[in-house]
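Protein chains: 2
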Amino acid sequence: MQWYFVAALLTLLTSSQGILTTLSQTNGRYKYDYATIPFLAEVFKLLVSSLFLWRECNSPSAPRMTTEWTSVRLFVIPSIIYLVHNNVQFATLTYVDPSTYQIMGNLKIVTTGILFRLFLRRKLSNLQWMAIILLTIGAMTSQTKGCGEAACDSLFSAPIHGYILGILSACLSALAGIYTEYLMKKNNDSLYWQNVQLYTFGAIFNMVRLLWDDFRVGFEKGPWWQRLLSGYTFTTWMVVLNLGSTGLLVSWLMKFADNIVKVYSTSMAMLLTMVLSIYLFHFHPTVQLFLGILVCMISLHMYFAPVHLLIDLPVNPKADSGLLKEVIVENHGEQ
Amino acid sequence: MQWYFVAALLTLLTSSQGILTTLSQTNGRYKYDYATIPFLAEVFKLLVSSLFLWRECNSPSAPRMTTEWTSVRLFVIPSIIYLVHNNVQFATLTYVDPSTYQIMGNLKIVTTGILFRLFLRRKLSNLQWMAIILLTIGAMTSQTKGCGEAACDSLFSAPIHGYILGILSACLSALAGIYTEYLMKKNNDSLYWQNVQLYTFGAIFNMVRLLWDDFRVGFEKGPWWQRLLSGYTFTTWMVVLNLGSTGLLVSWLMKFADNIVKVYSTSMAMLLTMVLSIYLFHFHPTVQLFLGILVCMISLHMYFAPVHLLIDLPVNPKADSGLLKEVIVENHGEQ
Chain D
31 MQWYFVAALL TLLTSSQGIL TTLSQTNGRY KYDYATIPFL AEVFKLLVSS LFLWRECNSP
91 SAPRMTTEWT SVRLFVIPSI IYLVHNNVQF ATLTYVDPST YQIMGNLKIV TTGILFRLFL
151 RRKLSNLQWM AIILLTIGAM TSQTKGCGEA ACDSLFSAPI HGYILGILSA CLSALAGIYT
211 EYLMKKNNDS LYWQNVQLYT FGAIFNMVRL LWDDFRVGFE KGPWWQRLLS GYTFTTWMVV
271 LNLGSTGLLV SWLMKFADNI VKVYSTSMAM LLTMVLSIYL FHFHPTVQLF LGILVCMISL
331 HMYFAPVHLL IDLPVNPKAD SGLLKEVIVE NHGEQ
Chain E
31 MQWYFVAALL TLLTSSQGIL TTLSQTNGRY KYDYATIPFL AEVFKLLVSS LFLWRECNSP
91 SAPRMTTEWT SVRLFVIPSI IYLVHNNVQF ATLTYVDPST YQIMGNLKIV TTGILFRLFL
151 RRKLSNLQWM AIILLTIGAM TSQTKGCGEA ACDSLFSAPI HGYILGILSA CLSALAGIYT
211 EYLMKKNNDS LYWQNVQLYT FGAIFNMVRL LWDDFRVGFE KGPWWQRLLS GYTFTTWMVV
271 LNLGSTGLLV SWLMKFADNI VKVYSTSMAM LLTMVLSIYL FHFHPTVQLF LGILVCMISL
331 HMYFAPVHLL IDLPVNPKAD SGLLKEVIVE NHGEQ
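Heads up: the protein sequence lines correspond to chains D and E, in order.
Our numbering numbers the first residue of the first sequence as 31 and each following residue consecutively.
Our numbering numbers the first residue of the second sequence as 31 and each following residue consecutively.
Careful: at least some of the hints might be erroneous.
Below, a sample of chain D positions facing chain E; criterion: calculated Cβ distance under 7 Å [said to hold, decoys possible]:
1. S155
2. N156
3. L164
4. M170
5. T171
6. L302
7. L306
8. I308
9. L310
10. H314
11. V317
12. Q318
13. I323
14. L324
15. M327
16. L330
Please keep in mind that the hints were generated in silico from the structure rather than gathered at the bench.
C-beta atoms are modelled at their ideal positions from N, C-alpha and C, and glycine is treated no differently.
In isolation and in its complexed conformation, chain D is listed as follows (with noise of 0.2 Å):
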């Protein structure tokens, strides 16, 4: 499978997702606990992965697994990395608004890109470190408010404690990805073999999650449990199963692809869903989001395409500080 094929498809499932979960309240409510979601969708993602493991171990050619505790302990890292972020969002919110949060949220693109090259010691040209800028500029302008839009006076005047969390916030979303691609890459285990082991703890720390919400509030809902399926229509259940699809894709992007396949895929859906949201929701859009999105496009192109698509011409890489363009007008000469 072609590594732009899945990340096409993350694409577009992740832009079904905002899409999914508008549709699946009734009257602008939701009808029923949205936080059982990702704890269902973790369940989801662990039972597809242990049934390919299943028929794996059932082929002839067994799958490579490394079951040493030294190993499988790793894979409660994200998820820690998880639960952390989780707290430092929530602390955030309580500094700046949520537009200002979204729009800070894309700085995730640029950490990504410093830890890849931190962490995963994976070299990128100075041309896709501008393209990485672009995609995060380009999101940013796409969010910003058009003229006439209310609440916007809060717009970057929070204290600068709200940035600090909002960075730190940015760096540990970029660090569990980078993470998850260390594990997947680290070896030549199975991905099904990766994935329950993930999965697992996914599921654990979200069902802790879930009963320590039940903590905080006493109780007064009852059990996480008792919540668990109650008020589920067709449509929640569609949320569920898309939000367990795009993330055994990401899985695969982590092991075949990598990091900044994911950002764009991700990213590239953040605009998906705005545009479709002119169309099903009547959103109204702005000059910015046709700017952005263009950038976006740009930004895209320069990271993927091949060098001869972008400067087509025969370089001569020892050349100490000709400009492109005398470099263009000298061999425009000589044909």
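Given the coordinates of chain D, work out where chain E should sit on it, guided by the hints.
Showing chain E alone in chain D's frame:
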């Protein structure tokens, strides 16, 4: 003289132009006739160029001067294009509001690129095309209204004629620049002699325009030469000298650099003016301004940086479809 030094100077002076013009107002109004400024700037440029030409004529090596009427008459064409452009601009503004017109005005960056390719047959790499489009987007982004700003419901809701005229206006503006570059580079004539021809027609056309404006209002404000210099302050003279100087720098760039350098200079000047206005005129900065500046900076680097600074790797231009990332991984492995 290096072209980038001239380009930087042009950016500073163009940016001062907006600020000086605002400072030349008394209580938010012009006490002088602003229409007389371009005429005096043309006269200033003509005087300076004549002086330099006279010095060249008295030097041991006489300047090259083509004095045939078939050549001289071509120098009237930029003036004619600007005359048509002014009228199209006026017509556009009857359909679209000034802020939309200002945002659309950045399309002249793209049209300059297109005419540069078509008319002057200068080749640009795909990366340079992407840089030009990014400069346009960055400039547009910086000018989009922030939330809460008034008079925004009219943005991009004008009749279609307005947009067609806006695009025509961008084409004419680019055409004038491209034609001037063609004139300046078509032979090795002295820059000052070329300037003298250009500015003589410029001064005449500006004079005719002032006269025409007087006719239209039935000379109710008296003939233009009586309004010339009336109400002029020191700042007004600075506006004239500044406008004249930017014109001379543009001529120099047209001969020794090109139109793309000029559009970068003037776009950067627009951003610089906006940043300076925050401090000088308590202009309220938007997130879009910040993001737009970043996009323009990346565009500048993409267009002008030497190729090895962008890709910094031995590249095989004959490689048929290898991804940039793959090239990096391969080369990384070989080290």
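Hint check, L324 of chain D versus chain E [nearest Cβ-Cβ separation less than 7 Å]: Because about 5 Å separates L324 of chain D from the closest Cβ in chain E, which is inside the 7 Å limit, the hint holds.
message: Interface hint check: V317 of chain D, Cβ to nearest Cβ on chain E, cutoff 7 Å. Holds or violated?
response: The hint holds - V317 of chain D has a Cβ within 7 Å of chain E, the shortest such distance being about 5 Å.
- prompt: Quick one, is the N156 of chain D hint okay against chain E at 7 Å, beta carbons?
  reply: Holds, about 5 Å.
field: Closest C-beta approach of M170 of chain D to chain E relative to 7 Å, hint status
entry: Interface hint status for M170 of chain D: holds (6 Å vs cutoff 7 Å).
- prompt: Holds or violated: L164 of chain D as interface residue toward chain E, Cβ cutoff 7 Å?
  reply: holds, 6 Å
- prompt: Can we keep the I308 of chain D interface hint, with Cβ of chain E closer than 7 Å?
  reply: Violated - the Cβ of I308 of chain D stays beyond 7 Å from chain E, reaching only about 14 Å at its closest.
message: Given a cut of 7 Å on the nearest C-beta pair, is the interface hint for Q318 of chain D held or broken against chain E?
response: Interface hint status for Q318 of chain D: holds (6 Å vs cutoff 7 Å).
Hinted contact M327 of chain D with chain E - closest CB pair below 7 Å: violated, 10 Å
message: Hint validation: S155 of chain D versus chain E, beta carbon distance must be below 7 Å. Holds or violated?
response: Cβ of S155 of chain D sits 5 Å from chain E, so the hint holds.
Restraint satisfaction for T171 of chain D [CB to CB of chain E, less than 7 Å]: Interface hint status for T171 of chain D: holds (5 Å vs cutoff 7 Å).
- prompt: Does the interface hint hold: is L302 of chain D within less than 7 Å of chain E, judged Cβ to Cβ?
  reply: violated, 19 Å
query: Does the nearest C-beta of chain E fall within a distance shorter than 7 Å of the C-beta of L330 of chain D?
result: violated, 11 Å
Hints 6, 7, 8, 9, 10, 13, 15 and 16 from the list above are not met by this structure, while the remaining hints are.
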